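A.B. asks: Start from the sequences, fold in the hints, and give me the full structure.
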Amino acid sequence: MAKKRTEPDRPIQMRHPIIAEGHTPATVTDQISAVVLTKTPRWWYVGFAVAFSLVMVLFMALAQLFVKGVGIWGLNNPVNWGFAIINFVWWIGIGHAGTLISAILLLLRQNWRNSINRFAEAMTLFAVACAGLFPLIHMGRPWRFYYMLPIPNTFDLWPQFRSPLIWDVFAVTTYALVSALFWYVGLIPDLATLRDRAKNKFAQHAYGILAAGWRGSSRHWHNYEVASMLLAGLATPLVVSVHTVVSFDFAASQLPGWHATIFPPYFVAGAVFAGFAMVITLAVPLRALFGLNDFITLRHLQNMAKVMLATGMVVSYGYAIEIFMAWYSGNGFEQFMITNRIGGPYKYAWFALILCNVLSIQLLWFKRVRKSVPMLFVVAMFVNVGMWLERFVIIVTSLHRDFLPSSWDMYSGTRWDWATYVGTIGLFLALMFLFIRFLPMISIFEMRMILPEADEVKEGKK
Amino acid sequence: MNDRATGLELQGYLAEFGGPNRMLRAIELVKKAGYERVEAYSPYPIEEISHALGAHSKLPWIVLAGGITGALSGWALQYFTSVHAYPMNIGGKPFNSWPAFIVVIFEMTILFAAFAAVLGMFALNGLPRPYHPLFNVERFALASKDRYFLYILADDPKFDLKRTWDLLEKTECSEVTAVED
Chain S
1 MAKKRTEPDR PIQMRHPIIA EGHTPATVTD QISAVVLTKT PRWWYVGFAV AFSLVMVLFM
61 ALAQLFVKGV GIWGLNNPVN WGFAIINFVW WIGIGHAGTL ISAILLLLRQ NWRNSINRFA
121 EAMTLFAVAC AGLFPLIHMG RPWRFYYMLP IPNTFDLWPQ FRSPLIWDVF AVTTYALVSA
181 LFWYVGLIPD LATLRDRAKN KFAQHAYGIL AAGWRGSSRH WHNYEVASML LAGLATPLVV
241 SVHTVVSFDF AASQLPGWHA TIFPPYFVAG AVFAGFAMVI TLAVPLRALF GLNDFITLRH
301 LQNMAKVMLA TGMVVSYGYA IEIFMAWYSG NGFEQFMITN RIGGPYKYAW FALILCNVLS
361 IQLLWFKRVR KSVPMLFVVA MFVNVGMWLE RFVIIVTSLH RDFLPSSWDM YSGTRWDWAT
421 YVGTIGLFLA LMFLFIRFLP MISIFEMRMI LPEADEVKEG KK
Chain R
1001 MNDRATGLEL QGYLAEFGGP NRMLRAIELV KKAGYERVEA YSPYPIEEIS HALGAHSKLP
1061 WIVLAGGITG ALSGWALQYF TSVHAYPMNI GGKPFNSWPA FIVVIFEMTI LFAAFAAVLG
1121 MFALNGLPRP YHPLFNVERF ALASKDRYFL YILADDPKFD LKRTWDLLEK TECSEVTAVE
1181 D
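Protein chains in written order, with our numbering: chain S, 1 to 462; chain R, 1001 to 1181.
No lab work stands behind these hints: they were computed from the structure.
In this text the structure is predicted, and so the values were computed from the model without any measurement.
Cβ atoms here follow ideal geometry from the backbone N, Cα and C, with glycine treated the same way.
As a list, the in silico DMTMM-like pairs of lysine to aspartate or glutamate whose alpha-carbon atoms are at most 20 Å apart:
#1 S/LYS201 <-> R/GLU1138
#2 R/LYS1145 <-> S/GLU456
#3 R/LYS1145 <-> S/GLU21
Listed next, with one range per pair, are the computed distances between beta-carbon atoms:
#4 S/ALA203 <-> R/ARG1037: 31 to 37 Å
#5 S/LEU37 <-> R/MET1088: 55 to 61 Å
#6 S/ARG299 <-> R/ARG1163: 48 to 54 Å
#7 S/GLN335 <-> R/TRP1098: 34 to 40 Å
#8 S/ASP156 <-> R/GLY1054: 53 to 59 Å
#9 S/VAL46 <-> R/ALA1123: 40 to 46 Å
C.D. replies: This is the structure we're talking about:
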């Protein structure tokens, strides 16, 4: 380290490199594909077993739900929307960082994203899978879910296209499909690498079929790059629209606490905030377990911490504006909702939310904290919890004391609510474990692009 | 160009390079010699190579067409269901209440355009293609790792068994292979 400090004209990004020194296309390829192609480490079995047993908890909760109905949940008459919508919004928000990293940072040519975009996109896909489960199961008759789709039927019924709930169906379905496409397209060149490097016949065939005959010719790459840029350009407005539409589910109603014009930007910022927290939560153990510190460097973690701080401040601004608007509107119901939220029976949830989402992130102003991996992990965990609490507070405190005091009631999740929630965390982790085992969790070809060798083309050496 | 002994047909010559700039210089040479059916393979996208080989993509137009189709079908779906198939009076709004239709039109635009981008990319690249003569060359597996390959196809009008081989040998390549099928 001392030697490096004596070199004054070393550019800044070299001091915090996005990829450790001494790597070539061969070492990058070997090291990342080895994670997939070598023997399964023992901790993977342990981790997958834990995650998979939580998936069993999910199945149990779902079986109970399908047999007995939504009565097993803690819903009551003022609070008709409980854990299902809280978890839906929480999961879909987590997904947004993946799209942000893969699309917006690609358009902005932030090449440090190349080492985290792949697993962030996988995270998006799995988070959307968990999110999509909740609107399906919260219906009284989930096997009739296709009623939401515009399918010709013998009743001559059609969806009501002026309802935000139908917009949500289209937004989330489009988001899931486009995320899957984007992810698969990003994987194709790496699947070809695995096809060419796999030793056993089954793996060769499986990766070969998925790679669809990719050969990396200049024409392939040219069309591929155009397709990636166009997909990024399409995914960017899409990701903003998805959480905007999710916020319409609330904002288009007339309930104090929901009916607010700030909801779309505030929800989008919250989604990115939650998503980056989850990326840090996943990146920290992954880089340690697979020895990928060369590729996911401190610079990545610091950059993500900065995005988390910025979006966290936008979310904090949203909280402040909600309180301000309640006062400024002069509307008694709005004011009651805020005083009830801060001083009512759910005040602990609100204070915990402020602690997690507003106070804990202030630590990220300090470089010492941003450079400390354990501290970053702790702050990210606070934000994961905080964003769940945010949705809980928005949904429950707005609903449980409505306009008519005779219908007021308290809400809390039952053990089946919690089992379903914990079960989806298990589903998410189990899918993540399968992903890191069978697919390269870092984009190999995009790592080759940021190596010094790729720069030499421009300099004309070698 | 049938080889009587093996029954294999010559597809072209493949030259292997250790670095992108060596291949770029070879491309210049080959292009100057007048070869048209030339293809270059690299482990990651290199703009200069695509440029040197004159690659251009029709994909943006395909995606635009996809997007427009998506927008129109999004609106047509809502117009048909809300005006003809199941008209509902919602708060006195007109049946064709287009401002409320914008969200679904937008999502359908993105959905169709994204599918057009991916399917278009596959079609333009001739994928999926499970078999290709190049896969017969053992060292070609390194094209997805760290080696660079230049391929002159045998159906090029200027292709000549000896002169093309010599031309490739003259470049900074490490090896020239005949690709057969």
